[in-house]
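K.L.:
Below are the chains, spelled out letter by letter.
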Amino acid sequence: MINFAYARATDVADAVRRIAADPQAKFIAGGTNLIDLMKEDVERPTRLIDITRLPLNNVEETHDGGIRIGALVPNSDLAYHPLVAQRYPLLASAILAGASQQLRNMASTGGNLLQRTRCYYFYDVTTPCNKRETGSGCSAINGLNRMHAILGTSEACIATHPSDMCVALAALEAKVHVAGPRGERAIAFADFHRLPGDTPERDTDLAHDEIVTAVELPPRGFAANYTYLKIRDRLSYAFALVSIAAALELEGGRIKEARLALGGVAHKPWRDAAAEAALRGEAANRATFARAADVLLHDATSYAHNSFKIELARRGIVRALAQAAQGTPQSQSDKKIR
Amino acid sequence: MAQTSTASRDGIAVPEKIPVTLNVNGTERKLMLAPWTTLLDALRDHLDLTGTKKGCDHGQCGACTVLVNGRRINSCLTLAVMQDGAKVTTIEGLATDDTLHALQQAFIDHDAFQCGYCTPGQICSAAGLIREGKAKTADEIRELMSGNICRCGAYPNILAAIQQAMGRS
Chain W
754 MINFAYARAT
764 DVADAVRRIA
774 ADPQAKFIAG
784 GTNLIDLMKE
794 DVERPTRLID
804 ITRLPLNNVE
814 ETHDGGIRIG
824 ALVPNSDLAY
834 HPLVAQRYPL
844 LASAILAGAS
854 QQLRNMASTG
864 GNLLQRTRCY
874 YFYDVTTPCN
884 KRETGSGCSA
894 INGLNRMHAI
904 LGTSEACIAT
914 HPSDMCVALA
924 ALEAKVHVAG
934 PRGERAIAFA
944 DFHRLPGDTP
954 ERDTDLAHDE
964 IVTAVELPPR
974 GFAANYTYLK
984 IRDRLSYAFA
994 LVSIAAALEL
1004 EGGRIKEARL
1014 ALGGVAHKPW
1024 RDAAAEAALR
1034 GEAANRATFA
1044 RAADVLLHDA
1054 TSYAHNSFKI
1064 ELARRGIVRA
1074 LAQAAQGTPQ
1084 SQSDKKIR
Chain G
39 MAQTSTASRD
49 GIAVPEKIPV
59 TLNVNGTERK
69 LMLAPWTTLL
79 DALRDHLDLT
89 GTKKGCDHGQ
99 CGACTVLVNG
109 RRINSCLTLA
119 VMQDGAKVTT
129 IEGLATDDTL
139 HALQQAFIDH
149 DAFQCGYCTP
159 GQICSAAGLI
169 REGKAKTADE
179 IRELMSGNIC
189 RCGAYPNILA
199 AIQQAMGRS
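Chains as they are written, first to last, in the numbering used here: chain W, 754 to 1091; chain G, 39 to 207.
Misleading hints may appear alongside valid ones.
As the list claims (entries may be wrong) - Label pairs and their calculated CB-CB ranges:
1) W/Gly890 x G/Tyr193: 40 to 48 Å
2) W/Leu836 x G/Arg169: 37 to 45 Å
3) W/Ala1057 x G/Asp86: 47 to 55 Å
4) W/Glu1064 x G/Asn61: 36 to 44 Å
5) W/Ala1040 x G/Gly154: 29 to 37 Å
6) G/Ala176 x W/Gln839: 24 to 32 Å
7) G/Glu130 x W/Arg871: 30 to 38 Å
8) W/Gln1079 x G/Pro194: 28 to 36 Å
9) W/Gln777 x G/Thr59: 46 to 54 Å
10) G/Thr59 x W/Glu813: 42 to 50 Å
11) G/Gly171 x W/His816: 46 to 54 Å
What the hints assert, rightly or not - Pulled from the structure, derived: some chain G residues nowhere near chain W, Cβ distances all over 10 Å:
12) His96
13) Asp135
14) Asn186
Keep in mind the hints are simulated off the structure, nothing from the lab.
Note that the Cβ used here is the ideal one computed from N, Cα and C, for glycine as well.
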């Protein structure tokens, strides 16, 4: 690994001061993605600011009936937290669909949001990659692109966001709380991650000198009718080819409220307001689900090796919405898809 | 925190060694480590505890699994300096005097290894799994052990060994 300086932040203000003072510095929390990328020479910070001792590791109820998750709450603690398991089982399920228990024990809530794509070319420093080196080109567009995006891509980048947790957070309309030299602000989850456009080097709207302090969930948890369906090459411990977070509120067989977010298909967790609108007010049946899938995938485009993802996503959406409507969420240990 | 000599990268002075105290298998160990030393390298190269294995060194194989403050983690993906003050348990710390840990005995009883390279990580991971108490069924054990790869393919016997140890604990 490259050499770097190391410092421990004493509080949030100290962390912000330290990161603002060094444009080449990075925060480290769980380290599961950053240390890996440093070993690969993809990330080359001159200084790591250890934030693991900051008091950001609580899950607490908010005044409006939601919850506020500290940025340092480990993924495993969050998945098993009683408030999450009972009121936001979609989030618990998505977390448990990702990584391994060892990694979930290390990985933080804030770090999960900030993890970087697993595009092979981003990791391979001998190949061009616009995300890693601005203007060097995209090796994936005409290379091996089986894992790559089918929605929201650009000429500059077709990478996908790797997180499962974030797909659930998108569906649940989370808010990301951040602090920086200019004070605190809250970012709607839909606005936190970016599409690649012509600036694929930027994954999120977080500024270099800002720190994620918490993720807030609104009261609506969809605990009765939800599923997280993840389709991947292995049954466990693999990134999604396509994943679907589906959450419904039903009233007499009709859909009162619907949330639908996809992972593995875009540079950010993919939510489509038109697809959700196509579900609202309709009968909760296969024809409705298929129409929503058609709306969501209307503009999908594929590359040499990932055209299968469009049909996989279509079938996955229908299956996930059926699982949610029936109240039979996908088990993350018994892998049979029913 | 005290800093000793400095090294240079891209013309930037960086500290070379930082004092780190780890409680490893019940013994306090004081080390002077470069910040880029992973916990895995600190255990193997600085404390000569080579039971913990370096497999992929990227968090994909689980061979480096140890318990930090009772939780199983990949020691290749954390820096030793970040764990200053932590209680670390490695495969060398599981047995009590001459009595093997229930998992070690169960792995022998069930022939749960072939080459043995992944075994320390499998056993430490299983110790963490039992402590977490989330796995009840065979499917749940398999899923929550999926971060430990065995390229010899001893999985059925690993599962049987863990089930035996769970029954005893």
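K.L.:
Are the hints correct? Go through all of them and say.
P.N.:
Okay, the hints, checked on the actual structure:
1. The hinted range of 40 to 48 Å is satisfied by glycine 890 of chain W and tyrosine 193 of chain G, whose Cβ atoms lie roughly 42 Å apart.
2. In this structure the supplied range 37 to 45 Å is violated for leucine 836 of chain W paired with arginine 169 of chain G, their Cβ-Cβ distance being about 22 Å.
3. The given range of 47 to 55 Å is respected by alanine 1057 of chain W and aspartate 86 of chain G, whose C-beta atoms sit roughly 50 Å from each other.
4. For glutamate 1064 of chain W and asparagine 61 of chain G, the Cβ-Cβ distance of about 54 Å falls outside the hinted range of 36 to 44 Å, so the restraint is violated.
5. For alanine 1040 of chain W and glycine 154 of chain G, the Cβ-Cβ distance of about 56 Å falls outside the hinted range of 29 to 37 Å, so the restraint is violated.
6. The given range of 24 to 32 Å is respected by alanine 176 of chain G and glutamine 839 of chain W, whose C-beta atoms sit roughly 26 Å from each other.
7. At roughly 34 Å, the beta carbons of glutamate 130 of chain G and arginine 871 of chain W sit within the given window of 30 to 38 Å.
8. The beta-carbon spacing between glutamine 1079 of chain W and proline 194 of chain G, approximately 33 Å, falls within the hinted interval of 28 to 36 Å.
9. As the Cβ distance of glutamine 777 of chain W to threonine 59 of chain G is approximately 29 Å, the hint placing it in 46 to 54 Å is violated.
10. In this structure, threonine 59 of chain G and glutamate 813 of chain W break the distance hint of 42 to 50 Å, their C-beta atoms being roughly 32 Å apart.
11. Range check, glycine 171 of chain G to histidine 816 of chain W: about 33 Å between beta-carbon atoms, so the 46 to 54 Å window is missed.
12. Against chain W, the non-interface label of histidine 96 of chain G is violated: not every CB pair exceeds 10 Å, the least being about 5 Å.
13. Against chain W, the non-interface label of aspartate 135 of chain G holds: every CB pair exceeds 10 Å, the least being about 28 Å.
14. Distance check on asparagine 186 of chain G: its Cβ comes as close as 8 Å (rounded) to a Cβ of chain W, failing to clear the 10 Å threshold; non-interface status is violated.
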